[in-house]
Structures are given as C-alpha cells and as structure tokens.
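*Asks:* Sequence:
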Amino acid sequence: MSKVSIVMGSDSDLPVMSKAAKMLEEFGISYEIRVISAHREPDVFVDYAKTAEERGVEVIIAGAGGAAHLPGMCAAIFNLPVIGVPVHTKSLGGVDSLYSIVQMPSGIPVATVAIDGAANAAILAAKMLSIQDKKLRVKLAEYKEKLKKQVEAKDAKLGKEGYEEYLKQM
0 MSKVSIVMGS DSDLPVMSKA AKMLEEFGIS YEIRVISAHR EPDVFVDYAK TAEERGVEVI
60 IAGAGGAAHL PGMCAAIFNL PVIGVPVHTK SLGGVDSLYS IVQMPSGIPV ATVAIDGAAN
120 AAILAAKMLS IQDKKLRVKL AEYKEKLKKQ VEAKDAKLGK EGYEEYLKQM
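Count the sequence shown with numbering that gives the first Met the number 0 and you get residues 0 to 169, in order.
I should point out that these hints are in silico values taken from the structure, not numbers from a laboratory. Treat the hints with caution; some may be incorrect.
What the hints assert, rightly or not - Once the Cα atoms are required to be at most 27 Å apart in a straight line, the calculated DSSO-like pairs of lysine-lysine come out as:
1) K138 x K21
2) K145 x K134
3) K126 x K18
What the hints assert, rightly or not - Listed next, with one range per pair, are the computed distances between beta-carbon atoms:
4) D42 x S11: 21 to 31 Å
5) Q168 x H38: 37 to 47 Å
6) S105 x Q168: 35 to 45 Å
7) E40 x N78: 18 to 28 Å
8) E25 x G158: 26 to 36 Å
Don't be surprised by glycine CBs; every beta carbon is placed ideally from N, CA and C.
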C-alpha cells in the first residue's frame, strides 16, 4: 500500500513529477506514480480518485499544466489532502497552471506549490504524514539540518575563495 500517490495528466510532466518521487524515496515514504488524464479518460480518473483511500493513499500529489484540472478534480473526489504542482507550459510559463490550481472554489482546497515545485510537494506531503509518524518527523528534521550544512559550506567556500573564483566554479 502506498501512502502517497503521484499523478500527472501526461508523461511530458514526468521530468518534473519525478522530483517528488525522488524526495519521497529519500524519506522512505511508499508511493505510486501514475499517468491519468482527467480529460481523456474521465472514467479511469474517477475510479483512481474514488479508490485511492482504499489503496492506502493518504496524500495525492497531482501535477498538471495548462488547464490544470487534475489537482482540483482529485480534491473534489478524494477526501484527504491534495497537493497541486503547476507544471511549466510553453505558452504561458506555467502561470496558467498555477492560477488553475490555486483558484479552487470554497470547500475544495488544493495545497499548491511553486511552478515545477514537485520536490516541495513531496516535502509537504511528508510533513502532513509526520503528524502521525514521529520517525518521519525525525527524518524531516535531519533533512533540514542537511540543508543548513550545505548553505554553511557554501558560505565558507565563498569566504575563502572570494566571489570571482566561486562564480567560475558555478
């Protein structure tokens, strides 16, 4: 049984959404990953969303570009948290996706991360799951400490080498 479901409307979203899978793997969270189009296969989509909780899913991470209906439709059917990932689009840079996901009607919330922010969606899902999982809470704290150490190392390197040398290595 998977605690998180990662779903996208097209395999073209996979390079973005795979970042959520990698982050969930880092935290040891089980997940499923699917390509299901709410527009092209509505019957399959409705069955997916209706049966997610039965499959052990506690959070859905739904990525979508353009009209971006997938996260909102998940939230309309699935009673547990849904996190929307607006995917960058060629025509409007993902702003269209962001607006479609974030502007949900009252009563049907979708937590929304930045455009192409699938890694943050996974971290948010982990935080949601950690409410009932103290071991996961420890992993999240360790992750934050790792981020802190990375920044400290970069700061030390900048102080030692100076900005010009640092930029050459970027």
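*Asks:* Please go over all the hints and tell whether each is borne out by the structure.
*Replies:* Hints versus structure:
1. K138 x K21: Roughly 15 Å between the alpha carbons, so the hint for K138 and K21 holds.
2. K145 x K134: Roughly 17 Å separates the two Cα atoms, so the pair holds.
3. K126 x K18: 16 Å, holds
4. D42 x S11: 21 to 31 Å: 22 Å, holds
5. Q168 x H38: 37 to 47 Å: 46 Å, holds
6. S105 x Q168: 35 to 45 Å: At 50 Å between Cβs, range violated.
7. E40 x N78: 18 to 28 Å: At roughly 22 Å between Cβ atoms, N78 and E40 fall inside 18 to 28 Å, so the hint holds.
8. E25 x G158: 26 to 36 Å: 29 Å, holds
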